[in-house]
Amino acid sequence: LAKTTQPISMDSYEGQEVNITCSHNNIATNDYITWYQQFPSQGPRFIIQGYKTKVTNEVASLFIPADRKSSTLSLPRVSLSDTAVYYCLVDTGRRALTFGSGTRLQVQP
Amino acid sequence: EPEVTQTPSHQVTQMGQEVILRCVPISNHLYFYWYRQILGQKVEFLVSFYNNEISEKSEIFDDQFSVERPDGSNFTLKIRSTKLEDSAMYFCASQEGASLSDTQYFGPGTRLTVL
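Protein chains in written order, with the working numbering: chain H, 1 to 109; chain F, 110 to 224.
Treat each hint with caution, since some may be false.
[Claimed, not checked] Cross-link-like lysine-lysine pairs, in silico, DSS-like; alpha carbons within 27 Å at most:
1. F:K187 / F:K151
2. H:K3 / F:K151
3. H:K3 / F:K166
4. H:K52 / H:K3
5. H:K3 / H:K54
6. F:K166 / F:K192
7. F:K151 / F:K166
8. H:K69 / F:K151
9. H:K54 / H:K69
[Said to hold, decoys possible] Chain H regions said to be covered by chain F (calculated; three or more residues, Cβ under 8 Å):
10. 28 to 35
11. 42 to 48
[As the list claims (entries may be wrong)] Far from chain F, by Cβ distances over 10 Å, these chain H residues were calculated:
12. I8
13. D11
14. Y13
15. T56
16. R77
Worth flagging that the hints you see were computed from the coordinates, not collected in a lab.
Bear in mind that the values here come from a model prediction, so they are computed numbers and not experimental data.
From the three backbone atoms N, C-alpha and C, an ideal C-beta is built for every residue, glycine too.
Take these sequences, add in the hints, and give me the full structure.
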């Protein structure tokens, strides 16, 4: 089971770019990397998923180096509403998702 | 944009009572899940469901729990005799297919409070 490690918390200010790095040294060949966002008392919300190199959507970018042992979620120009917990997950092929403790991002004005 | 819906948003029950939590997955999705999150703790997998049967379950999903897809749209989680420690947010999720790149989409959750 691929284990992920990410910072417990991060602080930022409105308008800044935030990069959250996740390490997953034991990632398997078929694993995808998925990031979710969760607000208090709400369900996890899918942000972005990738396998290698760079993926970008309207919300974020995901950078994955060639060895795939880490990934970085990039949130451009954060706002107060981006304050949430961000989870990095590596799919091991099992259907059950394993959530860690995530990274608690606090955006300040 | 299609989304997973859950009812009720909040359920309060007495210890020992049965509760049924309801979910409507995204319409073309084939895989369904229940997760729970005790306040301040991690999101934990309970059970996955495909083709009208359980495909995987965690050790949390004991005999007190059951799942059902009674019709073409609803997916339910029943807790037969609730305990205080069942108090948590319960999230339903659905997934279109079995590919590793297929994403699970979560509902807003049901807050279950057992008194």
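To see whether the hints hold, each was checked on the structure:
| no. | hint | in the structure |
| --- | --- | --- |
| 1 | F:K187 / F:K151 | holds (21 Å) |
| 2 | H:K3 / F:K151 | holds (14 Å) |
| 3 | H:K3 / F:K166 | holds (20 Å) |
| 4 | H:K52 / H:K3 | holds (18 Å) |
| 5 | H:K3 / H:K54 | holds (21 Å) |
| 6 | F:K166 / F:K192 | holds (19 Å) |
| 7 | F:K151 / F:K166 | holds (17 Å) |
| 8 | H:K69 / F:K151 | holds (23 Å) |
| 9 | H:K54 / H:K69 | holds (14 Å) |
| 10 | 28 to 35 | holds (count 4) |
| 11 | 42 to 48 | holds (count 5) |
| 12 | I8 | holds (13 Å) |
| 13 | D11 | holds (20 Å) |
| 14 | Y13 | holds (26 Å) |
| 15 | T56 | holds (16 Å) |
| 16 | R77 | holds (23 Å) |
When the structure is compared with the earlier hints, no violation turns up for any of them.
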